[in-house]
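Engineer: Sequence:
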Amino acid sequence: MTASCASRKCAAPSPCTPSLLAEPLRFEQLLASVGSVIPPALLEAGYPQLDIVSGGFPAETEQLELEVIRGTNLRGVFVPAELDDAPIVVHLLESLGSVTYGTKGLLGYPCLWSLRENGFSSLMVDYRGIGASDGQRSPRNMHADAAAMYAEALRRTNGDETRIAVRALSLGTLAAAALCKDHATITRMESLARRPAGVIMIAPVRAETVAGNWLGKYHGRIVKLFASLTNMRRPVKVNQVAVMAGLKAPLLVYSPEKDYALPPEEMTMLKASCAQAGGEWHSSPYNHSGHVLTSHDVIPAEIKFLRNLFGLEASGDLAEDGATKATRIWMRLLDQRQLRRYPAEALAALWHLAEDESPQQLLQLRRETKCDDLVSGIRTSTILRAHGVPVRTVGDSAQYFCLEQKTWVDCE
-13 MTASCASRKC AAPSPCTPSL LAEPLRFEQL LASVGSVIPP ALLEAGYPQL
37 DIVSGGFPAE TEQLELEVIR GTNLRGVFVP AELDDAPIVV HLLESLGSVT
87 YGTKGLLGYP CLWSLRENGF SSLMVDYRGI GASDGQRSPR NMHADAAAMY
137 AEALRRTNGD ETRIAVRALS LGTLAAAALC KDHATITRME SLARRPAGVI
187 MIAPVRAETV AGNWLGKYHG RIVKLFASLT NMRRPVKVNQ VAVMAGLKAP
237 LLVYSPEKDY ALPPEEMTML KASCAQAGGE WHSSPYNHSG HVLTSHDVIP
287 AEIKFLRNLF GLEASGDLAE DGATKATRIW MRLLDQRQLR RYPAEALAAL
337 WHLAEDESPQ QLLQLRRETK CDDLVSGIRT STILRAHGVP VRTVGDSAQY
387 FCLEQKTWVD CE
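Per this note's numbering, the sequence shown starts with residue -13, numbered consecutively.
Simulated from the structure, these hints should not be mistaken for laboratory data. Since the model is a prediction, treat every value here as computed from it, not as a measurement. Where a beta carbon is used, it is the ideal one built from N, C-alpha and C, also for glycine. Just so you know, nobody snuck in bad clues.
Keeping only pairs whose Cα atoms sit at most 27 Å apart, straight-line, the calculated DSSO-like set for lysine-lysine is: (1) Lys257 - Lys223; (2) Lys257 - Lys167; (3) Lys257 - Lys244.
Per label pair, the in silico range of CB-to-CB distance: (4) Pro34 - Glu68: 29 to 37 Å; (5) Ser40 - Gly264: 40 to 48 Å; (6) Lys234 - Pro34: 35 to 43 Å; (7) Thr393 - Gln49: 36 to 44 Å; (8) Gly381 - Thr58: 51 to 59 Å; (9) Gly381 - Ser275: 52 to 60 Å; (10) Tyr33 - Lys244: 31 to 39 Å; (11) Pro34 - Pro376: 44 to 52 Å; (12) Asp283 - Glu68: 13 to 21 Å; (13) Val395 - Leu29: 54 to 62 Å; (14) Gln262 - Glu147: 19 to 27 Å; (15) Lys290 - Ser124: 30 to 38 Å.
Based on the provided sequences and hints, a complete structural model is requested.
Structural biologist: Given below as structure tokens:
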């Protein structure tokens, strides 16, 4: 043996230099490392600036900033419908989605135009770290971010949840489920259950498996196996199957017929939950990504669902031929579900009056004249309540609050 060989044999490894002969990473350590990771479910998306003009938003669109924690703002838009008190659709976007993409092109959201044209306002805001929103991008923030969006919708409806619907896409359906679960505790917000008037779930996924299904699709079965063996942390802490089954609000689900993010056995579970909640299930032939992209606009079933939900289903059918746009807008103030029960003669009389009178003039006319003298079959209290006048029931009659007299006055 030469001196050089002996030297190499006896030399001890430097404590500062990693040894090439270090003990290989054990299988258990590998599994633990995978299991300790929050999956990269919420991927980077959007532009750093939100531009209303270049984004092709309606001219009346408002830019929003919602503070979720001190110094951290979510940014997005509020697109109002023609009526000030129109129902609001809160949009919870998918991974890779961003309101900064606007309303045009492959990644844009033309649904903002479609909903507005059908009488619905929209609130669409990016999660933290997405698009122009501040903060760190993490699926664990989606719950609180969605709660901030919902709180803004509540503020705009003066706390009236019956005027709010939630429309969620893909990963956003987990945020929607988290909002609707029975014991929601949101940072900086009181503990309560959000009960919107209705919920639309598009390409729904499950928190327990969405990461593994995604990893399996893009990184192969071995990585998916690691994720399943370690019970990888959920991107959002919610049980989609249980929440959907217990949902009290009307529900519409629109899902691909075959979806890598929701394999057949899982889709069967969600279909059963949807049925238990009394919801309706619609399918498309697209894959998950294609389905979500096509859902950047609304499908006819959604419009029908929302119109039924908010009593606008009959607004077009009830209109007389030649009814003006102003008349149609005024009629939307009324409960269309109630109007459908009135006789045709009463509706015809109401349309005739509304064409010649502004809401304020007609309201004054209702105050000064008995209901039956004008429109047989339609209660004065219905007209008053539609115009935001406080109305209360007293026995079998109704009263409205007269601002001039500062007291309650009999309606009829």
